[in-house]
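A.B. asks: The sequence shown lines up with residues 1 to 132 when you count with this note's numbering.
Hints were generated in silico from the structure; no laboratory data involved. This one's a predicted model, so the numbers in the text were calculated from it and none came from an experiment. By construction, the Cβ of each residue, glycine as well, lies at the ideal position given by its N, Cα and C atoms. Among the hints, a few may not be true.
[Unchecked claim] Label-pair distances were calculated between CB atoms; the ranges are:
id, residue 1, residue 2, range
1, E16, S77, 36 to 42 angstroms
2, S39, T94, 25 to 31 angstroms
3, A61, S93, 34 to 40 angstroms
4, G99, G59, 26 to 32 angstroms
5, I128, S74, 29 to 35 angstroms
6, Y131, V76, 55 to 61 angstroms
7, G15, S77, 39 to 45 angstroms
8, T130, V76, 58 to 64 angstroms
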Amino acid sequence: MIITAGQRIKEIRLGEKVIGKVMQGDKVVYQRSRLNIPSSLSFAAAGESQVLSIGCAAGQAWTFDGLPAGWNASAVSGTGPAQVTITAPNNTSTQAVAGTITVTGADKTATCTLSQAAGAKVYEDVVIGTYS
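Make the full structure from the sequences, and use the hints.
C.D. replies: Quick look at the structure:
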């Protein structure tokens with residue numbers, strides 16, 4: 001919670017129990033801020049798109065970074081719950097691709113590991129000829 005000069009905090013009570021706090025002033029505070037994303041996403045070697053579901057409070061701003069080189073996302077920041085499409089290109093390498101994206105929103109951070117299967121080595125057609 002960020003408190004600046006001139007702000008007052010009021011408690012919300014249910015009987016004797018404090019169930020929340022609100023702030024009077026010029027800053028918006030999301031008392032119930034949350035951030036939920038899948039812990040991992042796996043992509044086919046041929047490339048594909050998958051949806052990263054970002055669960056957070058309405059009005060809560062979020063950003064993310066850490067996509068592997070050449071990968072794309074439909075958005076890297078937003079406000080409120082979202083569905084972000086992540087696209088992995090065709091992996092033409094014989095090495096698997098891995099990465100970790102970090103999503104940050106309000107006072108929360110969440111990570112999602114990304115993996116893509118290794119591509120296959122492609123050889124040219126074999127030509128058999130006769131020699132004289």
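A.B. asks: Work down the list of hints and note, for each, if the structure agrees.
C.D. replies: Hint by hint, here is what the structure shows:
{"no.": "1", "hint": "E16 with S77: 36 to 42 angstroms", "result": "holds, 41 angstroms"}
{"no.": "2", "hint": "S39 with T94: 25 to 31 angstroms", "result": "holds, 27 angstroms"}
{"no.": "3", "hint": "A61 with S93: 34 to 40 angstroms", "result": "holds, 36 angstroms"}
{"no.": "4", "hint": "G99 with G59: 26 to 32 angstroms", "result": "holds, 29 angstroms"}
{"no.": "5", "hint": "I128 with S74: 29 to 35 angstroms", "result": "violated, 49 angstroms"}
{"no.": "6", "hint": "Y131 with V76: 55 to 61 angstroms", "result": "holds, 59 angstroms"}
{"no.": "7", "hint": "G15 with S77: 39 to 45 angstroms", "result": "holds, 40 angstroms"}
{"no.": "8", "hint": "T130 with V76: 58 to 64 angstroms", "result": "holds, 59 angstroms"}
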